[in-house]
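Chemist: Please model the entire structure based on the sequences and the hints provided.
So for the sequence shown, my numbering puts the first residue at 346; every next one is plus one.
Check before you lean on any hint, since a few could be wrong.
[Unchecked claim] Here are the simulated EDC-like pairs of lysine to aspartate or glutamate, each with C-alpha atoms no more than 20 angstroms apart in a straight line:
| id | residue 1 | residue 2 |
| --- | --- | --- |
| 1 | K364 | E383 |
| 2 | K381 | E450 |
| 3 | K389 | E356 |
| 4 | K389 | E416 |
| 5 | K354 | E433 |
| 6 | K381 | E444 |
| 7 | K364 | D394 |
| 8 | K405 | E441 |
| 9 | K406 | E416 |
| 10 | K357 | E433 |
| 11 | K369 | E383 |
| 12 | K439 | E356 |
| 13 | K405 | E416 |
| 14 | K389 | E437 |
| 15 | K354 | E365 |
| 16 | K439 | E383 |
| 17 | K391 | E433 |
| 18 | K354 | D390 |
| 19 | K357 | D394 |
These are calculated hints, taken from the structure and not from any lab test.
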Amino acid sequence: MFVIVRTMKVEKGYIDSFKERFSKTSPLLKSPGFIKRELLVSTKDKDFDIIQMMIYFKDKKAFYVWEGSPEHIALHRNKDDEHNKKPEGIIEAKRETFEVIATQEHE
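Modeler: Printed below as a string of structure tokens:
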């Protein structure tokens, strides 16, 4: 499994706007090899929140298929699309990729 992790440090008060943006349908959800997308939040810091978006693919090849797909390319070409606008409230953001090497599940 291949996982994209987007970690965003955001100003307090913006979690709902990220939840709303996340809940919108996306062509990603129909991409071959896409497994799931999760939105995680930590509100423990008094000055900011941390939001992580985890995007799971069957493997790295499935991610590259999505990245090179006409649907993904079209999202980035349309500069008026919300996908290309930096969400309000972001203090900093980073993107990392991981390959899952082990998993344990409930017995």
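Chemist: Hint by hint, say whether it matches the structure.
Modeler: Here is what the structure says about each hint:
1. With a CA separation close to 10 angstroms, the supplied pair K364 and E383 stays within the 20 angstroms bound.
2. Restraint check for K381 and E450: satisfied, since their Cα atoms lie roughly 16 angstroms apart, inside the 20 angstroms limit.
3. Proposed proximity of K389 and E356 is supported: the alpha carbons are some 13 angstroms apart, at most 20 angstroms.
4. Distance check on the hinted pair: K389 and E416 sit about 37 angstroms apart at the alpha-carbon level, beyond 20 angstroms; violated.
5. Proposed proximity of K354 and E433 is supported: the alpha carbons are some 11 angstroms apart, at most 20 angstroms.
6. A hinted pair counts as satisfied when its Cα atoms are at most 20 angstroms apart, and K381 with E444 qualifies at roughly 15 angstroms.
7. For the hint pairing K364 with D394, the CA-to-CA distance comes to about 13 angstroms; that is within 20 angstroms, so the pair holds.
8. Restraint check for K405 and E441: the C-alpha separation of about 13 angstroms stays at or below 20 angstroms, so the hint holds.
9. With a C-alpha separation of about 16 angstroms, the suggested pair K406 and E416 falls inside the 20 angstroms cut-off, and the hint holds.
10. Taking the CA atoms of K357 and E433, the gap is near 11 angstroms; set against the 20 angstroms cutoff, the hint holds.
11. At roughly 13 angstroms between alpha-carbon atoms, K369 and E383 fall within 20 angstroms of each other, so this suggested pair holds.
12. The hinted pair formed by K439 and E356 meets the criterion: a straight-line CA distance of about 16 angstroms does not exceed 20 angstroms.
13. Pair hint K405 plus E416 holds up; C-alpha atoms about 18 angstroms apart against a cutoff of 20 angstroms.
14. Of the supplied pair hints, the one linking K389 and E437 holds, its CA atoms being roughly 17 angstroms apart against a limit of 20 angstroms.
15. Between the alpha carbons of K354 and E365 the distance comes to roughly 17 angstroms, so the proposed pair stays at or under 20 angstroms and holds.
16. Among the hinted pairs, K439 with E383 is consistent with the structure: their alpha-carbon atoms are about 16 angstroms apart, no more than 20 angstroms.
17. Between the alpha carbons of K391 and E433 the distance comes to roughly 19 angstroms, so the proposed pair stays at or under 20 angstroms and holds.
18. With a C-alpha separation of about 10 angstroms, the suggested pairing of K354 with D390 holds against the 20 angstroms cut-off.
19. For the suggested pair K357 and D394, the alpha carbons sit about 6 angstroms apart, so the restraint of at most 20 angstroms is met.
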